[in-house]
Amino acid sequence: MNLDELWSTLFDFSDYGALVALLWNSILAGAVLGVLGGVIGYFVMARDLAFAVHGISELSFAGASAALLFGVNVVAGSIAGSLIAALVIGLLGARARDRNSIIGVLMPFGLGLGILFLALYPGRSSNKFGLLTGQIVAVDNPQLSSLIAVAAIVLIALIVVWRPLFFASVDEDVAAARGVPVRGLSIVFMVLLGLATAVSLHIVGALLVLALLVTPAAAALRVAASPVVVVALSVTFATVSTVGGILLALGSSVPISPYVTTISFAIYLVCRLIGRSRGRAAAVAPRTLQSTP
Amino acid sequence: MTSPSAVSPTTGYHSSVPASPTPASRADDGPLVSLVGAGITLGGRALWTGLDLDVRPGEFVAVLGPNGAGKSSLLRVLLGRLALSSGTASVLDAAPGRAGDRIGYVPQQQLFDRGSPLRARDLVGLGFDGTRLGLPLARRRRDLAIDEALDLVGAGGYSRRPVGSLSGGEQQRLRIAQALVSSPRLLLADEPLLSLDLGHQRAVLDAIDAYRRSADAGVVLVTHDINPLLRMVDRVLYLAPGGHRVGATGEVLTGDVLTELYGVHVDVVDIHGRLVVVASDEELHDEDEGAFPR
Chain E
1 MNLDELWSTL FDFSDYGALV ALLWNSILAG AVLGVLGGVI GYFVMARDLA FAVHGISELS
61 FAGASAALLF GVNVVAGSIA GSLIAALVIG LLGARARDRN SIIGVLMPFG LGLGILFLAL
121 YPGRSSNKFG LLTGQIVAVD NPQLSSLIAV AAIVLIALIV VWRPLFFASV DEDVAAARGV
181 PVRGLSIVFM VLLGLATAVS LHIVGALLVL ALLVTPAAAA LRVAASPVVV VALSVTFATV
241 STVGGILLAL GSSVPISPYV TTISFAIYLV CRLIGRSRGR AAAVAPRTLQ STP
Chain X
1 MTSPSAVSPT TGYHSSVPAS PTPASRADDG PLVSLVGAGI TLGGRALWTG LDLDVRPGEF
61 VAVLGPNGAG KSSLLRVLLG RLALSSGTAS VLDAAPGRAG DRIGYVPQQQ LFDRGSPLRA
121 RDLVGLGFDG TRLGLPLARR RRDLAIDEAL DLVGAGGYSR RPVGSLSGGE QQRLRIAQAL
181 VSSPRLLLAD EPLLSLDLGH QRAVLDAIDA YRRSADAGVV LVTHDINPLL RMVDRVLYLA
241 PGGHRVGATG EVLTGDVLTE LYGVHVDVVD IHGRLVVVAS DEELHDEDEG AFPR
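Going down the list, the protein sequences come from chains E and X.
According to my numbering, the stretch in the first sequence is residues 1 to 293, in order.
According to my numbering, the stretch in the second sequence is residues 1 to 294, in order.
Please keep in mind that the hints were generated in silico from the structure rather than gathered at the bench.
Please note that the accuracy of each hint is not assured.
Said to hold, decoys possible - What follows is a set of in silico ranges between Cβ atoms, one per label pair, in the way DEER data are often shown: (1) E:181 / X:242: 35 to 45 angstroms; (2) E:181 / X:140: 57 to 67 angstroms; (3) X:113 / E:109: 25 to 35 angstroms; (4) X:85 / E:115: 47 to 57 angstroms; (5) X:198 / E:275: 52 to 62 angstroms.
Backbone N, C-alpha and C define an ideal beta-carbon position, used for all residues, glycine too.
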């Protein structure tokens, strides 16, 4: 394959207007999931759960491929898989060390189960591949609306528990001392994270969920500390990644996930560079202040 | 751990200070904290038993004693996070753990990592309304309360810096602002002076003292060094492996009382108004063997 062919495989903008109109719902879903990923990613970072996201997504993948094999609703299957994983991690992994080992044990098991179900599945191979690497265009309209509904439920629930959840995430001892139900909130959050992971799986695929639920928030935290600014940036980054990725991928035969992950990663790199140059400036400034009290 | 020649690093009092500077509390006010015959057994070992303690509105009680004597456990009991093995506890007229925002709590120092997703004022804001549902929307009343609490502990200058980028002392001052911002009826503080220099120790203690007088709030403060508190403390609870004693500073911190509590000979030496508690090296070593790691 020469460069020209590669380019036209990756980017094909012929009949673009018609394609956008045709896939308007997918773009909308991408935007909703961008908002969801940006918001929940903020809490994932605050609670240090990036690895858990990966673990949940592999069991979600197992659930989805089981659903595919047995001919039931794939979205429901992915949700069932991630809820089981999220609850196991939430109930058994209260402490970080326990949690990481439980995730490390669950993850390959989930992936193995998923591969088994896919190997047994006699249908089209693009369906199989889509679960691992994502293919929003393969999602039909009724499924799309169920994805959007789940995303909306998770967002509303996060808004309701926002303050106590943030308190419990960053300052557990004092939150518990003041009567915040720390343990209960931890389980609630794992359920919400399970739902968000299952939904994202259908956009970017099981292997790349982190690009939607972790990278945007991690990038935002590099350049800001104010919660309002971090959430706003994180949502913006995630939405730009999903919608931008879908728009670039529309005409090509390549799955959307590489577009989403590449945009997401590029944003992270830029934020890191900005954060580093600011960090240098900040490291100089206080010293001059301290010398003249 | 303690220095080689002191049972509890430095403990003392200034004899010219009146024993009880408590503002006159209203007669109809019941105690904020009431422990009756309270005891704690951890891992088969009794930390303390038969403890009777009332903390009245406006009263400042310091909790002293060697490491592992159960000072932090006492606070955990009052917070409802540790159940008593014997006796009863009541906090703000209810079982411990029900008081919510009406208790301000300064935990034993745990530093925030670099990259923690909040600024100084956000940490204090958690103390203001972190337990309520919904989004943390910016409101004038909230901002004013946070600014006031930050100024109280001299932290106004770094209110917008990320918490993880602050020094231990700077973070510790935020903890005190966080505990006071909700105007609690009772302040529970576990070694709040740790990693503060002398100037900031004084500023923070003055803030706590002024607050409990103006709000008629109770203070239970765990410390290993009573000297900075001498001006303001009403009563001392001394927890030791051999028992405990509650009373005015001058009644508790004497050679006779501490000798009885430790079961070894202890001297209390007055050095220019600071009392230093001294035991022999060998005896001290035995004490430390029996101590829990914190």
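Check your understanding: Which of the numbered hints above does this structure break?
Key -> 2, 5
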